[in-house]
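**Q** Take the sequences, apply the hints, and build the full model.
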Amino acid sequence: MRALQAASSEATFDSARMHLARQGQWRPMPLIRDPRLRWGLALAVALYLVLALGSVGVNWARVAEGASRGLNFIAAFAQPDFLTRQRDILNGLLESLTMTLTSTVLGVLLAIPVGLGAARNIAPLPIYLICRGIIAVSRTFQEIIIAILFVVMFGFGPLAGMLTLAFATIGFMAKLLAEDIEDVSWKQVEAIRATGAGWWQTMNHAIQPQVMPRLIGLSVYRLDINFRESAVIGIVGAGGIGATLNTSISRYEYDTSAAILLIIIAIVLLCEYASSYVRRWTQ
Amino acid sequence: MPVSTSPQGQPVWRLRTRRAEWLRFMAWLVGLCLIVLCWRVISDNTMWVFVEDAGRQGSDLLARMVPPKWGYAERLWQPMWDTLNIATLGTALGIVMAFPVAFLAARNTTPHSLVRSAALGVIVASRSINSLIWAMLLVTILGPGVLAGIIAIALRSIGFVGKLLYEAIEEIHPTPVEAITATGASRLQVMNYGVLPQVLPAFAGISVYRWDINIRESTVLGLVGAGGIGLQLNASINTLAWDQVSVIFIMIFATVLVSEWISARVRHAII
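Here the protein sequences line up with chains A and S, keeping their order.
Okay, so the first sequence: first residue is 1 according to this note's numbering, each after it adds one.
Okay, so the second sequence: first residue is 1001 according to this note's numbering, each after it adds one.
Calculated from the structure, these hints are not laboratory results.
Among the hints, a few may not be true.
[What the hints assert, rightly or not] Covered by chain A, per the in silico footprint, the following chain S stretches (three or more residues, Cβ under 8 Å):
no., stretch
1, 1053 to 1065
2, 1100 to 1107
3, 1138 to 1149
4, 1158 to 1169
5, 1184 to 1190
[As the list claims (entries may be wrong)] Just a sample of chain S residues kept apart from chain A, beta carbon distances all over 12 Å, derived:
no., residue
6, 1022
7, 1029
8, 1035
For every residue, glycine included, the Cβ atom is placed at its ideal position computed from N, Cα and C.
**A** This is how it looks when you write it as structure tokens:
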């Protein structure tokens, strides 16, 4: 009955629209058909905006005071200073890059067994649940939160940063790898099994060739993400270029921070080109 | 076909040719050396004395966290509301700014190739820099508070939404655009009636997806003073009140799960 009513109201709506259109008053279709829902949603959004904007307390005096600093910062981008803190920048960059590489390798190596375990078509249920749990925990918490805990455990320095990034890589890679394995063509697995292959041989000759191109592409992509994240976790003491950046910003040395930001952007751009090249090459 | 001959003169099947095997071996060798070198750098910069008692520190930390101080949760509702506002208003602001940038960056809607490279530059710059770094900068400029967080989230969202949206615009079907152009429509009308309806579902999906990511990111912005629940997290860590930290972690975990669920439902409904 409900559906019938809805259909008839839709029909009257359409015919009214067509009638208007014949008189030369065409209007595009509204995005949400039901007018009650449409206006209700608009009202809810407006109400939320009023409430939210009302609770944002802005200290305008402080903003005005900082405006000159903002201009300084923008001016610094025109004249970045690479040289004064050259040694600190280079050290931070070296630490970041080494952290990125080792953490990606370690993370991918650990993600492969977790990913195999989290694929429902090749793993038994208990292992599947454990591996999915690992993935959920690793994906929910921001890298920086993990970094805080690891810095407390392992002390300041790049080791904590490396372990943080490796931990985050596990969740990311294992989830995508598991989804990929769940999508493999089962014919090849059956063909290899029919030759009498064991579990290792099946994995190596039936599953691995099917997921390898995407695994390589994703690893390179993750390398890129890990570099970007390595610039952040330095804030809580996990080493890398982030520590240098943090110091330069809190000392208001905007020309040095601009230089560091430009270097980060350049490296990310380079990584992106490299990863698109690698992905084209593997596929 | 890669075949080698056994000493008895029988052909043996191999997966790869000998040349390919050597190349692979060399690549592995170089890669391994690089990783060992990188590990050296890290190990030189690490104080191993601290690492040795990591297990003890970890269990100590866990013991301090374990009965979470549930009473503390009452004081977290206001920061949580701030966090939601930072994410939502930041996403909205970011979308408003990303929308024109995406149209300027798409190959088929850009007015000029120079404009296109400028728009692509904006997208790359915004994508490369994490919202925490933006927040750190904005806190020194605007002062600590929710406003810095909102703008930081918005600046980071421009790149993400802009990139995905301009890719969607480049993949649209050209026939509706041609049809609208053939009626003598102006450039803006072509955008409005030919391009926009085709990318609107993708746009809505991208926005909700980014909102979900932003909720996650806004929970930690307070670590650098940009408002939200991160401020409480920072304060609790600084006073070593680990039983409060665990309450905050549980709240963050729950919020992220709920926002992920909402985002998945909405995207499912749209697409």
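**Q** If any of the earlier hints don't hold here, list their numbers in rising order.
**A** 2, 4, 5, 8
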